[in-house]
Amino acid sequence: DAGITQSPRHKVTETGTPVTLRCHQTENHRYMYWYRQDPGHGLRLIHYSYGVKDTDKGEVSDGYSVSRSKTEDFLLTLESATSSQTSVYFCAIRGGVDEKLFFGSGTQLSVL
Amino acid sequence: AQRVTQPEKLLSVFKGAPVELKCNYSYSGSPELFWYVQYSRQRLQLLLRHISRESIKGFTADLNKGETSFHLKKPFAQEEDSAMYYCALQGSQGNLIFGKGTKLSVKP
Chain A
1 DAGITQSPRH KVTETGTPVT LRCHQTENHR YMYWYRQDPG HGLRLIHYSY GVKDTDKGEV
61 SDGYSVSRSK TEDFLLTLES ATSSQTSVYF CAIRGGVDEK LFFGSGTQLS VL
Chain H
1 AQRVTQPEKL LSVFKGAPVE LKCNYSYSGS PELFWYVQYS RQRLQLLLRH ISRESIKGFT
61 ADLNKGETSF HLKKPFAQEE DSAMYYCALQ GSQGNLIFGK GTKLSVKP
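From first to last, the protein sequence lines stand for chains A and H.
Each step along the first sequence adds one to the number in the numbering used here, with nothing skipped, and position 17 is 17.
Each step along the second sequence adds one to the number in the numbering used here, with nothing skipped, and position 88 is 88.
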C-alpha cells in the first residue's frame, strides 16, 4: 500500500458541519495530494502540498482547506459541508525511484 | 490548457476480443502520460506509463505526439480486466490531470 492510509474510510455527516479527513504516510515523501472522485468527472485535484506548511490550490478547491503541520500528515477540511461535497476522496503521495503517485484507499463521504 | 479526454464512458467487449481504450491529451511541451486502473472502487493503481514502454497484464500504450494520443490496447481481453481505466497527464506540480475515465466491461 506504499505506506499511505486514509481515515476515516466512511463518514456520513449533515449539511453545515465541519469535516476533517486525514491522510497519513510513513514514507517521508514531500508531495501529497487530495483528489475527489465523482462519476462523469473522473478525479479532480482539490489541494496539494509540497512540504510542511507549503500547500496550494488545485482545480476544485472552493469549500476546502488543508493543513500540513508535519511531513506524514495531510489534512483536508470541509469548512461547512454541503451535499455537493458528497464524494469519494483520495489522497496520493509522490515518491519512489521514479516519482510515481501512490493512492490511498479512499474515504467515502456522504453529506445529507 | 492541460487536458485529458477519454471519449468513451463505457466500453463493452467479449472475452478474447481486442480492446482499445482511447485517450487524447492537450499539453504544450513533452507530456508524461499514465494509465491507472481501479477495480471495484478500490484504490487507483498505476498500470503503465509511457516512458517505461512496458507491458503490464498484457496492456500496452504508445504515445503518438502527432495525434496527441495515448491509447491503451490489449489483444485479448479477460474478464478480470473489467474495471475503470483512467488516462492521466503529469502537470507542472507533479500532480496528475485525469480524464473522466472509461469503464471496461468484459463479458464471458
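Accuracy of the hints is not assured; some may be wrong.
[Unchecked claim] Partner residues aside, some chain A positions facing chain H, computed with beta carbon under 10 Å: (1) Val12; (2) Tyr33; (3) Leu43; (4) Tyr48; (5) Phe90; (6) Gln108.
In short, the hints are calculated from the structure, not lab data.
Fair warning: this is a prediction, and the values are worked out from it, not measured in the lab.
Cβ atoms here follow ideal geometry from the backbone N, Cα and C, with glycine treated the same way.
Verification of the supplied hints:
1. A hinted interface residue such as Val12 of chain A counts as satisfied when its beta carbon comes closer than 10 Å to some beta carbon of chain H; here the least separation is about 17 Å, so the hint is violated.
2. For Tyr33 of chain A, the interface hint holds, since its Cβ comes within 10 Å of a Cβ in chain H; the closest pair sits about 6 Å apart.
3. Annotation: Leu43 of chain A was flagged as interfacial toward chain H, and the flag holds, the nearest CB pair being 4 Å apart, inside 10 Å.
4. Here the hint on Tyr48 of chain A is kept, as its CB sits about 6 Å from the closest CB of chain H, short of 10 Å.
5. Checking Phe90 of chain A against chain H by beta carbon gives a least distance of about 7 Å; that is within 10 Å, so the hint holds.
6. The beta carbon of Gln108 of chain A is positioned within 10 Å of a beta carbon in chain H (closest approach about 8 Å), and the interface hint is therefore held.
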